[in-house]
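Chains as they are written, first to last, in the numbering used here: chain A, 1 to 476; chain B, 1001 to 1353.
It should be emphasised that the hints constitute simulated quantities derived from the structure, not laboratory data.
Ideal Cβ positions, reconstructed from N, Cα and C, are used throughout, including at glycine.
Each hint should be verified, as a subset may be incorrect.
To be verified - Computed far set for chain B versus chain A, every beta-carbon distance over 10 Å:
| no. | residue |
| --- | --- |
| 1 | Pro-1109 |
| 2 | Gly-1127 |
| 3 | Arg-1161 |
| 4 | Thr-1202 |
| 5 | Met-1217 |
| 6 | Ala-1219 |
| 7 | Arg-1223 |
| 8 | Ser-1233 |
| 9 | Lys-1287 |
| 10 | Cys-1321 |
| 11 | Ser-1322 |
| 12 | Pro-1324 |
| 13 | Glu-1326 |
| 14 | Cys-1349 |
What the hints assert, rightly or not - To be clear about the criterion: a stretch of chain B counts as covered by chain A if any three or more of its residues have a C-beta under 8 Å from a C-beta of chain A, and this derived list gives those stretches:
| no. | stretch |
| --- | --- |
| 15 | 1048 to 1062 |
| 16 | 1075 to 1084 |
| 17 | 1166 to 1175 |
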Amino acid sequence: MEQVLCQTKGLYRDFPRKGGPASTATHYCPGCGHGVIHKLIGEALADLGLQDRAVIISPVGCAVFAYYYFDTGHVQCAHGRAPAVSTGISRAQDDAVVISYQGDGDLASIGMAETLHAANRGEKIAVFFVNNTVYGMTGGQMAPTTLIGERTSTSPHGRDPQECGYPVHMCELINTLHAPVFVERVSVSDIAHIRVARKAIRKALEIQRDKKGYSFVEILSPCPTNLKMSATENAAFVNEQMEKEFPLGNFRDRSEDATPIARAQSVYAKEELDRIFDLRAENTAVPSVDGVAGGNAVRLKIAGFGGQGVLSFGLIVARAGVAAGRHVSWYPSYGPEQRGGTSNCAVILADRRIGSPVIEQIDVLVAFNRPSLERFIGDVREGGLVLVDESVGAFEAPAHVRMVFAPAQRMAREAGSPKALNTAMLGVLAACGDLGLSDAALDGGLLESFGARPKLLDVNRTILTLGKEWGTRHLA
Amino acid sequence: MAMRLVKGNAAVVIGALYAGCDCYFGYPITPASEVLQEASEYFPRAGRRFVQAESEVAAINMVYGAASTGRRVMTASSGPGISLKQEGVSYLAGSELPAVIVDVVRAGPGLGNIGPEQGDYFQVVKGGGHGNYRCIVLAPDSVQEMCDLTRKAFDLAQRYRTPVYVLADGVLGQMYEPLQFPEEAVAPVIDESWAVAGTALTRANCISSIMLDFNQMEALNVRLQEKYALIESREVLFDEYMLEDAELAIVAYGISARIAHSVVDTARAEGFKVGLLRPKTLFPFPKVRLRDLAKRPGMRFISVEMSNGQMIDDIRLAIDCSCPVELVNRMGGNLVAPSAVLDKIRAMCGKER
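Please build the complete structure, drawing on both the sequences and the hints.
The structure is reproduced here in structure tokens:
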């Protein structure tokens, strides 16, 4: 007859999630360290009053069934991903006390990246790393922490560092990072060691209670089944061989100095979001309506060097189109192309829904440099407009296009704002009349582009006018 | 009514914030990076959480963790990143967690290039990761829908406790169009019946997809299939254009559908009775509507895709291969030329014109 002498704190009284017979026994093997570690964590959570706040991550490995036992919230996750999953929980629920409980294969092999990066971000989580030098659940394979010469089912002749490298020292690795608050290596090989481990585990959880940041406790633990030892032999193995490779001790305790991590509260109100997106009355336009321009679509290609304002030229035109209630699309060259120093974009203004935003036939080509002119002039339709900066030099225009050489760079420079050459060019284009946009719409485009910077807005308004005047004078 | 010229990738973030999304986790990849960049700017401004993860794998697992708490959460990526996330998506589906994943598709396979493509259809619409699951897949065709369908994705994810994809492409992500900002903002409520939120009320809950008992595992799978059947019966969305008297239906989604829309106009001007069916949900797929269309005498279909022809399988399955279905496609970052679709229409309908 089973008799409970002392109910362990923080764990369920019995384990219905486990199912099957022996509902108060764990699934762990005799002599395994997980049971002791579970008790230490459960007791600390209960003593610190953290069970409501606690979410324990069940990793892949023998502790995948941690959710059978702890009287807390549970999330089971993919192999090695517990620190990332913990990050998600901790960020989403600021008050949650998140425990990432992991074995050596999970934490130091397949999940090494997640482990180090969660530590490096100083996530508000407690990581309990159970190091028993071997994969348990899958049948005793070599782990990243397997000792040199140690036999496992995948190092049958002993771990050979020439082939398999050396045991990974996680506390030492994590101790190279700036953010962690608490790093300690302990053991649960015997009573004396368990007493020390108990303190470290409590400390790690106190840090979580106080929201002070990342704590990491590595626990050297026996696995008699897979190490093929008796419990006594395994205790000696931990004390004599593992400790030699993985020295016990505290590596870091900054819990006194660490300040609680404060996270913002979500704001959901529409008015607040409207404010965040700066939705102001003056940049509120009408939705696109069919037939507003009463004419055909205008397809513009704008091209030049990076820094000549190619993309923003296109955006101003597109925004002017929006201000006029036209259907509008703007599509850039993106990726490596923009790093090559040249860029281009396509803008379509239309009086009905736009199909593809990619242009095959160009109505208006604006080229700020010669390579752009040469690249795209072949795509300009008959009767189309080609607007180039005069700096491209002499160029024989094909007979079927209208070509305009404008001193955009010069006008912008003389007006004291060489960067506004694109706006000067836009002024000239406006004078050509091909866009079918009113002065008010163009000003709307400028306002939307520069509205937040009044000085720039004024400069660009002036230069747009200069361009328009030049255009009107020379193109009449 | 607030209207502004907005980039497709930015519209995703706008939609997410008005939908009450609390957490964004992501990793940079062209042509989806602006989703990450915009999120890094606007999520914190609204007090929401943003983490640039160390990898795509970590990002989807952060999504998994945050989704476990019952919050509205999301990530975005492009083909190679989505491939990496598939394990996590399978876990989301298996653990029945709501989450939104945006795929701004680029050309593949392998590293491919950053041009637009629709070659992720199989890996997104058919499951993609291990196990018997489907994801709801929404397919926007404009910047407006990048915003609106992202918002809808959160509602669907929560209603069915399942991951929902927004399947876009490089063009939709990179282009600017006028966006009408949402008229409503959602203040989401955590469902304490299943979430694990680190609170007294959710302490007894457990998020898991492991079931050692074969019958128990099968029961979960059966329940999932029932859920997907329910989704198929209730959530099909599509647009149609000039299908009333059509003898040929173009089926296309995303940016290809816009090209097809223009083609319908041109073909109609030439006297062809052509229409367009644009699925807005790829799972569930508009099977019933396709089956109805297939009953018309002499009906035929063209699938327009920027892939090797992936959706075309679903069209053929929906109509039991009862009508001719032909493919007009491009790959590698190229868009389908309207003229190529027109040529196919002429070839398929030429005699009856």
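Per the stated criterion, does the least C-beta distance between Ser-1233 (chain B) and chain A lie above 10 Å, as a non-interface residue requires?
For Ser-1233 (chain B), whose nearest Cβ neighbour in chain A is about 31 Å away, the distance exceeds 10 Å, so it holds.
Distance rule for Thr-1202 (chain B), whose beta carbon must clear each one in chain A by more than 10 Å
violated, 6 Å
Non-interface claim for Cys-1321 (chain B) versus chain A (Cβ beyond 10 Å):
Non-interface label on Cys-1321 (chain B) holds, nearest chain A Cβ at 30 Å vs cutoff 10 Å.
Minimum Cβ-Cβ distance from Lys-1287 (chain B) to chain A exceeds 10 Å
holds, 27 Å
Reported absence of Glu-1326 (chain B) from the contact zone with chain A (all CB gaps over 10 Å)
holds, 21 Å
Regarding the assertion that Met-1217 (chain B) does not contact chain A, is the least Cβ-Cβ distance greater than 10 Å?
holds, 13 Å
Distance rule for Arg-1161 (chain B), whose beta carbon must clear each one in chain A by more than 10 Å
holds, 15 Å
Chain A versus Pro-1109 (chain B) - minimum CB to CB distance exceeding 10 Å, so not interface:
Pro-1109 (chain B) is indeed farther than 10 Å from all Cβ atoms of chain A, at 18 Å.
Holds or violated: is the Cβ of Cys-1349 (chain B) farther than 10 Å from all Cβ atoms of chain A?
The assertion about Cys-1349 (chain B) holds, with a minimum of 21 Å to chain A.
Verify the coverage statement for the stretch 1166 to 1175 of chain B against chain A, using a C-beta to C-beta distance below 8 Å and requiring 3 or more qualifying residues.
holds (count 4)
Apply the coverage criterion to the stretch 1075 to 1084 of chain B and chain A: a residue qualifies when its Cβ sits closer than 8 Å to a Cβ of the chain, and three qualifying residues are needed.
With 0 residues closer than 8 Å to chain A, the stretch 1075 to 1084 of chain B misses the three-residue bar; violated.
Chain A over the stretch 1048 to 1062 of chain B, status - at least 3 residues with CB closer than 8 Å:
Holds: 11 residues of the stretch 1048 to 1062 of chain B have a Cβ under 8 Å from chain A.
In the structure shown, a violation is registered for the earlier hints numbered 4 and 16, in ascending order.
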